[in-house]
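Chemist: Residues per chain, in single letters:
Protein chains: 2
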Amino acid sequence: MLHFTHGEFHERLRRTKEKMVQEGIEVLVVTDPANMNYLSGYNGWSFYVHQALIVIIDEPQPLWIGREMDANAAKVTSWLFHEHIIPYPDYYVNSNTTHPYDFIGNILKEIGQSKRVIGLEMDNYYFSAKCFQRLQKALPQAVFKDSTNLVNWVRIIKSDTEIEYMKRAGQIAVRAMKVGIEAIDVGVRECDVAAKIFEAQIKGTPEFGGDYPAIVPLMPAGEHTSTPHITWSDETYKPNTTVLIELAGCYQRYHAPLARTVTIGEPEEKVKDLSEVVIEGMESALDVIKPGITCEEVERAWRKSIQKRGYQKESRIGYSVGLNYPPDWGEHTASLRPGDQTVLKPNMTFHMILGIWMDDYGVELSESFRVTETGYELLASAPRKLFVKHAGKKLWPGGMGA
Amino acid sequence: MLHFTHGEFHERLRRTKEKMVQEGIEVLVVTDPANMNYLSGYNGWSFYVHQALIVIIDEPQPLWIGREMDANAAKVTSWLFHEHIIPYPDYYVNSNTTHPYDFIGNILKEIGQSKRVIGLEMDNYYFSAKCFQRLQKALPQAVFKDSTNLVNWVRIIKSDTEIEYMKRAGQIAVRAMKVGIEAIDVGVRECDVAAKIFEAQIKGTPEFGGDYPAIVPLMPAGEHTSTPHITWSDETYKPNTTVLIELAGCYQRYHAPLARTVTIGEPEEKVKDLSEVVIEGMESALDVIKPGITCEEVERAWRKSIQKRGYQKESRIGYSVGLNYPPDWGEHTASLRPGDQTVLKPNMTFHMILGIWMDDYGVELSESFRVTETGYELLASAPRKLFVKHAGKKLWPGGMGA
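Respectively, the protein sequence lines represent chains A and B. My numbering applies: residue 1 is where the first sequence begins, and numbers increase by one. My numbering applies: residue 1 is where the second sequence begins, and numbers increase by one.
The shape of chain A in the complex, shown without the other chains:
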């Protein structure tokens, strides 16, 4: 069930250990499910209980430590030898008296790692304040270092197989967007449009199926377009409504997000104008992308473009994207924003999302791309425009079947 070669997993581990050496980390406790997957292949919806992958600098294989009922999933989905898969008993789950990090601390002690320099993903969703307290208590002689995003930075340049998976995700994203835009109409319930988008995301294409994206479709409509992270309701769409759709295709946990804006009926001038500004800004930003450029330079191109038109946007305009699990498809490394001096390199992949949310309306447009040797390549290719729906009019060019 491995979706990458053993060679690729070993290379990932090698690069992780290289960074561990640079930062003086001897034992790395990996709790981010995307990082666990990246290094071991492990894949299951078990991250709602505590679990970890332990990378020890002088051991050839990591250890998987997780809940007993998930140990078989680790055997089935990872490349680890079975003796590297260590289950903890169920009474550690949601307990007031015991905690999985008591168990993890004891294992580290038993295998002689209790006095080492231990790297922790201190700002990961799946490493709570309590996990740290319990681990400190279990290993009083260890030295702890913050290794948040250490593996995330290893992930930032994708292999050719990863790019292929993200392109598949891109194909799924385009299909899901098409289905969504076609379904939106006066009198249709928001949830029925969302249902069709979900179906398209999971069904995928006849050649390959879809995986669940790390974020559900975000579809604010009407006055809610002033805010980007509202999902859907069971209200019906009214005439002259703007709808923002942000979604992703996902293949083997790799994402290609995509956002577009739709209006039901002719848009108000202010929406049309804002949309033009955003499309121009996208083109200006994409134009500068090539290896050697920094993240902040990409943002600057966008900023200049919209400033000419009298707009400004305070939030970042994009971030590194790829392998992930809920609640976020962003990689938490490079961001396209002022001050981020990460230098673009071939096979880095970004989601550039240009959202401008005014007090009572907004427009969104995004593209997922990889950096190539000379510029960029889109991962999901959908018409770049404001979609204006008139009853009975076909919107999407060409004959792509859903």
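Don't take every hint at face value.
No copy is singled out in the list; a pair is fine if it fits within one copy or between any two copies.
Claimed, not checked - No farther apart than 30 angstroms at their CA atoms in a straight line, the calculated lysine-lysine pairs in the BS3-like style are these:
| # | residue 1 | residue 2 |
| --- | --- | --- |
| 1 | Lys75 | Lys272 |
| 2 | Lys137 | Lys115 |
| 3 | Lys75 | Lys313 |
| 4 | Lys385 | Lys270 |
| 5 | Lys75 | Lys238 |
| 6 | Lys304 | Lys270 |
| 7 | Lys145 | Lys109 |
| 8 | Lys75 | Lys270 |
| 9 | Lys137 | Lys19 |
| 10 | Lys115 | Lys145 |
In short, the hints are calculated from the structure, not lab data.
Assemble chain B onto chain A, guided by the hints.
Modeler: Below, chain B without anything else, positioned relative to chain A:
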């Protein structure tokens, strides 16, 4: 956009403050998105960045502190006055130098809360080890206490409106299960079945739409039935395969989960036998449910029932369920397992999930129920049996439309 009365929100807040007083907490930092929603109504997919609801013992309204672009969502979805909604700038997001808890700490200082006893949800997904470090640094004179699950315990007894929402979720769960079982067949891709289940979950019923469940459908098949938390692949189903389906219906973030086992073709004797054991065990456990019984007594009834048949199961058989967000629909309070002496009361709601996973096969069966004045009531009512699929044979009794 409020889905409960102001009175209900005030009652929730009152009971939360009552518990705060009992535990000597003056300021409660609520980071669990379900708890934030429960107390304020706030609803959006923004929990992938740090945010919190601050309950101050002597203030009538909580404060919402979150990312700037989500402040409008707080205005739209919560009952809080707008001056209680405090946005932090975007440069706090995924930054190496600044952290949202620097901002939150400073706000608490500014409003005179820096020397108080502050309760923290220390073991919540959305309160990382780093959040705690930064808050300690910002508020050196505060006294911190672990308040993990304080609000979760307030949530354990549902109001009549909450029960109504969970029953709607139950109707959606039954529809989604029916669609899934009907779609499973030899030669069908797992992802295509998953796509239909998702569609049914989100579409809901003609009367009310569905919301996204906190966990995606879990659908291990074949040898993967030895493990409960695998999702789906794009492989096609083979003859003589067992499939476990665990899913939930969700309405306004309230869940009713449901699990069933399906075989394609006549099951092996061992699967049939295990299924009978599990059905008997379910009935034995449900039979004892009524107010006054403890959680561990429910588990004991199940344990006795399966022991007679020579089986045992080490993991808990259920947990309190209701309002939630990814990655878990469980409430992290009461569990149906040895040692849990929580006393059942009317309008507590549980998901009792009886899974037995052997080395190379498994069976799952679950029911969501509320405790009534005299016993229990199912929230999702689906036939309680092993579903055996033969080509062309209708499986589900009755004529319920999907």
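Chemist: So, for every hint listed, does it hold in this structure?
Modeler: Structure-based check of all given hints:
no. : hint            : verdict
1   : Lys75 x Lys272  : between (54 angstroms within a copy, 26 angstroms between copies)
2   : Lys137 x Lys115 : both (13 angstroms within a copy, 26 angstroms between copies)
3   : Lys75 x Lys313  : between (47 angstroms within a copy, 20 angstroms between copies)
4   : Lys385 x Lys270 : within (15 angstroms within a copy, 58 angstroms between copies)
5   : Lys75 x Lys238  : between (51 angstroms within a copy, 22 angstroms between copies)
6   : Lys304 x Lys270 : within (20 angstroms within a copy, 69 angstroms between copies)
7   : Lys145 x Lys109 : both (18 angstroms within a copy, 28 angstroms between copies)
8   : Lys75 x Lys270  : between (56 angstroms within a copy, 23 angstroms between copies)
9   : Lys137 x Lys19  : both (27 angstroms within a copy, 28 angstroms between copies)
10  : Lys115 x Lys145 : both (13 angstroms within a copy, 29 angstroms between copies)
The structure fails none of the hints (numbered hints given earlier).
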